[in-house]
Amino acid sequence: MSGGGFDISFAKNDSKITSILWVGYPGEAGGAAIADVIFGLYNPSGRLPMTWYPQSYVDKVPMTNMNMRPDASNGYPGRTYRFYTGETVYSFGDGLGYSAFNHKLVRAPKLVSIPLEEGHVCHSSSCKSLDVVQERCENLAFDIHLGVKNTGSMSGGHTVLLFSSPPSVHNSPQKHLLGFEKVFLSAQREELVRFKVDVCKHLSVVDELGNRKVALGQHVLHVGSLKHSFSVGI
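In UniProt numbering, the protein residues as written are 1 to 234.
Hints should not be assumed to be uniformly reliable.
[As the list claims (entries may be wrong)] In silico lysine-lysine, DSS-like type, Cα no more than 27 Å apart, as pairs:
no.: 1; residue 1: Lys128; residue 2: Lys110
no.: 2; residue 1: Lys128; residue 2: Lys201
no.: 3; residue 1: Lys201; residue 2: Lys175
no.: 4; residue 1: Lys182; residue 2: Lys227
no.: 5; residue 1: Lys60; residue 2: Lys12
no.: 6; residue 1: Lys182; residue 2: Lys104
no.: 7; residue 1: Lys201; residue 2: Lys104
no.: 8; residue 1: Lys110; residue 2: Lys149
no.: 9; residue 1: Lys227; residue 2: Lys201
no.: 10; residue 1: Lys128; residue 2: Lys175
no.: 11; residue 1: Lys201; residue 2: Lys110
no.: 12; residue 1: Lys196; residue 2: Lys128
no.: 13; residue 1: Lys196; residue 2: Lys149
no.: 14; residue 1: Lys227; residue 2: Lys104
no.: 15; residue 1: Lys12; residue 2: Lys175
no.: 16; residue 1: Lys175; residue 2: Lys60
What the hints contain is simulated information worked out from the structure, not anything from laboratory work.
Bear in mind the structure is a predicted one, so any value in this text is a computation, not a measurement.
Let the sequences and hints guide you as you build the complete structure.
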(Lines of atoms letter the chains of each structure in order from A and count residues from 1; the text may use other names and numbers.)
(Lines give C-alpha, C1' and ligand atoms only; values in the text may rest on other atoms or scores of the structure.)
Protein backbone atom coordinates (compact mmCIF):
# COMPACT_ATOMS: atom_id res chain seq x y z
CA MET A 1 0.00 0.00 0.00
CA SER A 2 1.61 3.25 -1.15
CA GLY A 3 1.02 6.43 -3.10
CA GLY A 4 3.61 5.55 -5.73
CA GLY A 5 6.26 3.10 -6.85
CA PHE A 6 9.25 2.03 -4.78
CA ASP A 7 11.91 -0.66 -4.82
CA ILE A 8 10.44 -3.98 -3.66
CA SER A 9 13.08 -6.14 -5.34
CA PHE A 10 13.49 -8.04 -2.07
CA ALA A 11 9.91 -9.33 -2.43
CA LYS A 12 9.94 -9.75 -6.20
CA ASN A 13 13.06 -11.93 -6.02
CA ASP A 14 11.88 -14.02 -3.05
CA SER A 15 10.74 -17.44 -4.33
CA LYS A 16 8.49 -17.84 -1.28
CA ILE A 17 6.42 -14.81 -2.34
CA THR A 18 4.20 -15.88 -5.24
CA SER A 19 1.97 -12.81 -5.57
CA ILE A 20 2.25 -9.08 -4.94
CA LEU A 21 -0.85 -6.87 -4.80
CA TRP A 22 -0.44 -3.09 -5.05
CA VAL A 23 -3.56 -1.20 -3.97
CA GLY A 24 -2.44 2.43 -3.75
CA TYR A 25 -4.52 4.17 -1.05
CA PRO A 26 -7.85 2.35 -1.54
CA GLY A 27 -10.16 4.12 0.91
CA GLU A 28 -12.53 2.68 3.52
CA ALA A 29 -13.79 -0.14 1.27
CA GLY A 30 -10.25 -1.17 0.41
CA GLY A 31 -10.07 -3.96 2.96
CA ALA A 32 -13.06 -5.77 1.48
CA ALA A 33 -11.72 -5.28 -2.05
CA ILE A 34 -8.32 -6.70 -1.09
CA ALA A 35 -9.99 -9.71 0.55
CA ASP A 36 -12.06 -10.37 -2.59
CA VAL A 37 -8.87 -10.49 -4.67
CA ILE A 38 -6.92 -12.65 -2.22
CA PHE A 39 -9.72 -15.22 -1.89
CA GLY A 40 -10.41 -15.35 -5.63
CA LEU A 41 -13.81 -13.66 -5.61
CA TYR A 42 -12.57 -10.95 -7.97
CA ASN A 43 -10.13 -11.21 -10.86
CA PRO A 44 -7.78 -8.18 -10.72
CA SER A 45 -7.02 -6.43 -14.00
CA GLY A 46 -5.23 -3.22 -13.09
CA ARG A 47 -2.11 -1.90 -14.82
CA LEU A 48 0.67 0.15 -13.24
CA PRO A 49 0.33 3.85 -14.17
CA MET A 50 4.03 4.52 -13.61
CA THR A 51 7.46 2.89 -13.82
CA TRP A 52 8.84 1.42 -10.60
CA TYR A 53 12.55 2.16 -10.48
CA PRO A 54 15.27 0.44 -8.43
CA GLN A 55 16.90 2.28 -5.53
CA SER A 56 19.98 2.91 -7.68
CA TYR A 57 17.87 5.12 -9.96
CA VAL A 58 16.82 7.36 -7.08
CA ASP A 59 20.44 7.66 -5.97
CA LYS A 60 21.50 8.65 -9.49
CA VAL A 61 18.79 11.15 -10.47
CA PRO A 62 18.55 14.53 -8.71
CA MET A 63 15.02 15.63 -7.83
CA THR A 64 15.71 19.00 -9.44
CA ASN A 65 16.42 17.50 -12.88
CA MET A 66 13.14 17.09 -14.74
CA ASN A 67 14.65 16.32 -18.15
CA MET A 68 12.90 13.45 -19.90
CA ARG A 69 15.67 12.41 -22.28
CA PRO A 70 18.81 10.59 -21.08
CA ASP A 71 22.19 12.33 -21.19
CA ALA A 72 25.19 10.02 -21.60
CA SER A 73 27.65 12.85 -20.86
CA ASN A 74 26.69 12.93 -17.18
CA GLY A 75 25.12 9.49 -16.73
CA TYR A 76 21.57 10.81 -16.51
CA PRO A 77 19.29 7.83 -17.40
CA GLY A 78 16.15 9.72 -18.44
CA ARG A 79 12.64 9.55 -17.05
CA THR A 80 9.46 7.55 -17.71
CA TYR A 81 8.87 4.51 -19.90
CA ARG A 82 9.19 6.74 -22.97
CA PHE A 83 12.91 7.41 -22.53
CA TYR A 84 14.34 5.34 -19.65
CA THR A 85 16.05 2.16 -20.86
CA GLY A 86 17.64 0.95 -17.63
CA GLU A 87 16.62 -1.75 -15.18
CA THR A 88 13.16 -1.53 -13.62
CA VAL A 89 11.46 -3.25 -10.72
CA TYR A 90 8.19 -3.12 -12.66
CA SER A 91 7.42 -1.29 -15.88
CA PHE A 92 4.63 1.09 -16.81
CA GLY A 93 1.62 -0.99 -17.82
CA ASP A 94 2.62 -4.15 -15.94
CA GLY A 95 -0.16 -6.08 -14.26
CA LEU A 96 -1.39 -9.64 -13.74
CA GLY A 97 -4.63 -11.35 -12.85
CA TYR A 98 -6.02 -14.86 -12.47
CA SER A 99 -6.51 -15.23 -16.23
CA ALA A 100 -4.16 -15.06 -19.20
CA PHE A 101 -4.96 -13.16 -22.39
CA ASN A 102 -3.63 -13.63 -25.91
CA HIS A 103 -3.50 -11.00 -28.66
CA LYS A 104 -3.51 -11.53 -32.40
CA LEU A 105 -3.34 -8.96 -35.17
CA VAL A 106 -6.44 -8.95 -37.39
CA ARG A 107 -6.06 -5.73 -39.33
CA ALA A 108 -3.20 -3.22 -39.70
CA PRO A 109 -1.53 -1.43 -42.63
CA LYS A 110 1.96 -2.15 -43.92
CA LEU A 111 2.31 1.30 -45.53
CA VAL A 112 0.81 4.68 -44.68
CA SER A 113 1.21 7.46 -47.26
CA ILE A 114 0.96 11.18 -46.48
CA PRO A 115 -0.22 13.21 -49.49
CA LEU A 116 1.88 16.31 -50.21
CA GLU A 117 1.14 19.30 -52.37
CA GLU A 118 2.83 19.49 -55.75
CA GLY A 119 6.21 21.15 -55.44
CA HIS A 120 6.70 20.21 -51.78
CA VAL A 121 10.40 20.21 -50.93
CA CYS A 122 10.26 16.59 -49.71
CA HIS A 123 9.43 15.42 -53.24
CA SER A 124 12.94 16.35 -54.35
CA SER A 125 14.97 15.85 -51.17
CA SER A 126 15.30 13.24 -48.45
CA CYS A 127 13.14 14.28 -45.50
CA LYS A 128 13.21 12.49 -42.16
CA SER A 129 9.98 14.09 -40.95
CA LEU A 130 7.12 16.38 -41.95
CA ASP A 131 5.84 19.42 -40.07
CA VAL A 132 2.38 18.62 -38.73
CA VAL A 133 1.23 22.25 -38.93
CA GLN A 134 2.10 22.53 -42.62
CA GLU A 135 0.48 19.26 -43.71
CA ARG A 136 -3.20 18.55 -44.27
CA CYS A 137 -3.81 16.05 -41.48
CA GLU A 138 -7.59 15.95 -41.35
CA ASN A 139 -9.04 12.49 -41.91
CA LEU A 140 -5.55 10.98 -42.17
CA ALA A 141 -6.05 7.91 -39.99
CA PHE A 142 -6.12 4.12 -40.08
CA ASP A 143 -7.64 1.29 -38.05
CA ILE A 144 -5.95 -1.38 -35.94
CA HIS A 145 -8.04 -4.47 -35.18
CA LEU A 146 -6.88 -6.95 -32.55
CA GLY A 147 -8.32 -10.27 -31.45
CA VAL A 148 -8.15 -10.64 -27.66
CA LYS A 149 -8.87 -14.01 -26.04
CA ASN A 150 -9.21 -14.98 -22.40
CA THR A 151 -7.32 -18.28 -22.30
CA GLY A 152 -7.86 -18.79 -18.58
CA SER A 153 -10.62 -20.49 -16.60
CA MET A 154 -11.93 -17.36 -14.87
CA SER A 155 -13.84 -14.40 -16.31
CA GLY A 156 -12.06 -11.10 -16.05
CA GLY A 157 -11.14 -7.72 -17.45
CA HIS A 158 -8.12 -6.93 -19.57
CA THR A 159 -6.62 -3.59 -20.53
CA VAL A 160 -5.20 -3.59 -24.05
CA LEU A 161 -2.33 -1.08 -24.30
CA LEU A 162 -1.28 0.02 -27.80
CA PHE A 163 2.26 1.43 -27.97
CA SER A 164 4.22 2.79 -30.92
CA SER A 165 7.99 3.03 -31.44
CA PRO A 166 8.84 5.77 -33.97
CA PRO A 167 11.98 5.98 -36.13
CA SER A 168 15.07 7.41 -34.43
CA VAL A 169 14.68 11.07 -35.42
CA HIS A 170 14.67 14.25 -33.29
CA ASN A 171 15.67 12.30 -30.15
CA SER A 172 12.31 10.56 -30.33
CA PRO A 173 11.06 8.40 -27.43
CA GLN A 174 11.74 4.67 -27.55
CA LYS A 175 7.98 4.16 -27.43
CA HIS A 176 4.81 5.95 -26.39
CA LEU A 177 1.25 4.96 -25.57
CA LEU A 178 -1.22 5.56 -28.41
CA GLY A 179 -4.30 4.42 -26.53
CA PHE A 180 -5.95 1.71 -24.47
CA GLU A 181 -9.20 -0.24 -24.37
CA LYS A 182 -10.70 -2.30 -21.56
CA VAL A 183 -12.52 -5.53 -22.36
CA PHE A 184 -14.34 -8.00 -20.08
CA LEU A 185 -14.25 -11.59 -21.27
CA SER A 186 -15.63 -14.85 -19.96
CA ALA A 187 -13.24 -17.81 -19.84
CA GLN A 188 -12.14 -18.94 -23.33
CA ARG A 189 -14.07 -16.09 -25.01
CA GLU A 190 -12.60 -13.84 -27.69
CA GLU A 191 -13.44 -10.29 -28.73
CA LEU A 192 -12.33 -7.84 -31.41
CA VAL A 193 -10.74 -4.63 -30.12
CA ARG A 194 -10.46 -1.61 -32.42
CA PHE A 195 -8.12 1.37 -32.33
CA LYS A 196 -8.19 4.35 -34.69
CA VAL A 197 -4.72 5.83 -35.18
CA ASP A 198 -4.54 9.50 -36.19
CA VAL A 199 -1.33 9.76 -38.22
CA CYS A 200 -0.42 13.37 -37.41
CA LYS A 201 -1.48 13.13 -33.75
CA HIS A 202 -0.36 9.67 -32.70
CA LEU A 203 2.68 9.12 -34.92
CA SER A 204 4.28 12.53 -34.45
CA VAL A 205 7.25 13.48 -32.27
CA VAL A 206 8.53 16.81 -30.98
CA ASP A 207 11.76 18.06 -32.56
CA GLU A 208 14.62 19.95 -30.91
CA LEU A 209 12.83 23.30 -31.37
CA GLY A 210 9.53 22.13 -29.93
CA ASN A 211 7.78 21.65 -33.27
CA ARG A 212 5.61 18.59 -33.80
CA LYS A 213 6.74 16.42 -36.73
CA VAL A 214 5.50 13.18 -38.29
CA ALA A 215 8.49 10.84 -38.45
CA LEU A 216 8.97 9.17 -41.83
CA GLY A 217 10.24 5.61 -41.99
CA GLN A 218 9.49 2.43 -40.08
CA HIS A 219 7.23 2.53 -37.03
CA VAL A 220 6.54 -0.46 -34.76
CA LEU A 221 3.27 -1.09 -32.93
CA HIS A 222 3.37 -3.06 -29.65
CA VAL A 223 0.58 -4.85 -27.81
CA GLY A 224 2.06 -7.08 -25.13
CA SER A 225 4.56 -9.35 -26.90
CA LEU A 226 2.86 -8.76 -30.27
CA LYS A 227 4.67 -6.41 -32.69
CA HIS A 228 3.77 -5.06 -36.13
CA SER A 229 6.03 -2.94 -38.34
CA PHE A 230 4.76 -0.49 -40.94
CA SER A 231 6.22 2.38 -42.95
CA VAL A 232 5.11 6.00 -43.10
CA GLY A 233 6.06 7.67 -46.37
CA ILE A 234 5.00 10.26 -48.93
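Quiz item: Checking against the hints above, which ones are violated?
Solution: Every hint satisfied by this model.
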